[in-house]
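Visitor: Chain by chain, the residues run as shown.
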Amino acid sequence: MILTASPDLQADIVHASPSVDASKSSVKASFDQVSKRFGMGPESVLALEPISLDIAENAFVCLVGPSGCGKSTLLNILAGFETATSGQALMDGVPVRGPDARRGVVFQQGALFTWMSVQDNVAFGPLATGKSPKEAAGIAAHYLEMVGLTSFARRYPYELSGGMQQRVGIARALANDPQILLMDEPFAALDAQTRELLQEEIKHIWQDSRKTVLWITHSIEEALFLATDIVVMTARPGRIKARLTPQFALSRDPAVVTSTEFVRMKADIFGMLREEALTAQRQEVMR
Amino acid sequence: MNTANSKSRRSSLINVGSFVTLLLMWWLVTAPFGDKPLVAPLFLPSPGSVWDTFLMLIKNGYQGKSLWFHLGISLFRFGLAFTITVLVAVPLGLWMGMNETVKAVLDPPIEISRPMPKLALLPLLIIWFGIGEVAKVVIIVLALFPILSISAMQAVRGVGQRKVQAAMALGASRTMIFRRVIFPASLPGIFTSIRVSIGIGVTMLVGAEMIATSAGIAFMAMSASDFLLTNVVIVGALIMASLGYSLDLCARALENRIVHWGGKEG
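So the protein sequences, as listed, match chains A and B.
Each step along the first sequence adds one to the number in this note's numbering, with nothing skipped, and position 20 is 20.
Each step along the second sequence adds one to the number in this note's numbering, with nothing skipped, and position 219 is 219.
None of these hints come from the bench; they were simulated from the model.
There could be a bad hint or two in this list.
Stated by the list, open to error - Covered, in the sense of this in silico footprint (three residues per stretch, anywhere, with C-beta under 8 Å from a C-beta of chain B), are these stretches of chain A:
#: 1; stretch: 88 to 100
#: 2; stretch: 111 to 121
#: 3; stretch: 143 to 150
What the hints assert, rightly or not - DEER-style ranges, computed between Cβ atoms:
#: 4; chain 1: B; residue 1: Gly160; chain 2: A; residue 2: Glu200; range: 43 to 49 Å
#: 5; chain 1: A; residue 1: Glu200; chain 2: B; residue 2: His260; range: 45 to 51 Å
#: 6; chain 1: B; residue 1: Asn256; chain 2: A; residue 2: Ala255; range: 45 to 51 Å
#: 7; chain 1: A; residue 1: Glu200; chain 2: B; residue 2: Phe19; range: 39 to 45 Å
#: 8; chain 1: A; residue 1: Ser52; chain 2: B; residue 2: Leu254; range: 34 to 40 Å
#: 9; chain 1: B; residue 1: Met176; chain 2: A; residue 2: Phe38; range: 28 to 34 Å
#: 10; chain 1: B; residue 1: Phe69; chain 2: A; residue 2: Arg154; range: 46 to 52 Å
Only a predicted model underlies this, so the values are computations on that prediction, with no experimental measurement involved.
For glycine and all other residues, C-beta sits at the position ideal for the given N, C-alpha and C.
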């Protein structure tokens, strides 16, 4: 059982694949020879070597790589929080100049507005983008329902568990109906069970909305389970080491993680990442 | 929950016990066992006689002015100075936190004046403003200003970068980010410094009222000391203590109401 993919899964993939064919979809966002150097002079550190990467519309792209390889820097550059040392990030062919509401961001933790109720957190984006308070409240209610937090609308973030807080963060980012979601290790601080359930939820949300996603994670399984494209990065200075296109994101079967193909790809990526993690560790010791 | 409750009940029982013990010791050293008490009433009158003096002061006032007048004028000086400082220093501190240039301009005068004991300026202020209310209010403002402005600035600088980034990525304008993110996120820090400055403000008030005044609770205690009216001195000190304590209670109640999220992360 563990070594063979279920027939259901196969059917699922065949059924869903035409709509996600990368060659047919247009490029939503891209990195054009983006590099990043922190600091000046001899003390400076090259975080990213020039990287070029296209993110197709409707794709779910996962960046995996050892700590300090510049994954978050790359995401921050596309979000508009940081500027590239050379090259540029583009969205719909237009260079990114700063953060805006078309790119929703979800952080690992600590980004919710603690002084606002859950409802107000989610309504913040619609209000900021010019919706009336009434409209914003309606939108917030809709997305809170999507993440199953309707009954917590009047609570404050600190009254919620870590998993619920991340749901609020996701609902808040979705409430602006952004064209791309940038997610920086959104589940890294959660326990394993919560994490698995949220992964399934995110998968369903993505399957239903087909929103373009750039997702950063340390977890190979998470990447395989969710991504249509996995980009493996090297130790610092970050480069693209490999690009894979798993098909498991299209499956609705949680047991897909036990299929032969899944396990094989996991081993492949594990091998690549281990090599890079060791390099990263050596770099740390040398410093 | 239950254990926490019983624990806090135990603590408050001990609190009350400790307070009662102190009062009992005061009473014991001043009670006339044998022919005279351990400590002469001139140095430490008994709790009972202090209480009687308190009631008498309420009835007859002190030096032709009612106790309420003395208390009122003290509260007025403190309240005016405190309000002015909060209204000026906090917005200025917020501005310093938001704007590097403003910070560069205002940092030196504030930082240089911060370690200076402000009471040392009182003689100069009396030359400038006379012995009226202005000098007293100014000295309190001077003492509280650096505390409140610097902590408001630090509160702004301490606002989580991610919260600000999240707001930017949600499309918020600069004004909206300040009003709905940076300002509320700074409030817990500002409230902490408000509570600190209440204590310091009351201390400054007492200092200012002891020099060249004819009204106020600390003046009452100071002038009573000239006539060795120990009872009145103690009543004055206790009134000042409870003034500071009740102001802190008010600030704390306000803090719990307004910044209910303080110290909690989400």
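Visitor: Please write out, lowest number first, the hints stated earlier that are contradicted by the structure.
Guide: 3, 4, 5, 7 and 8
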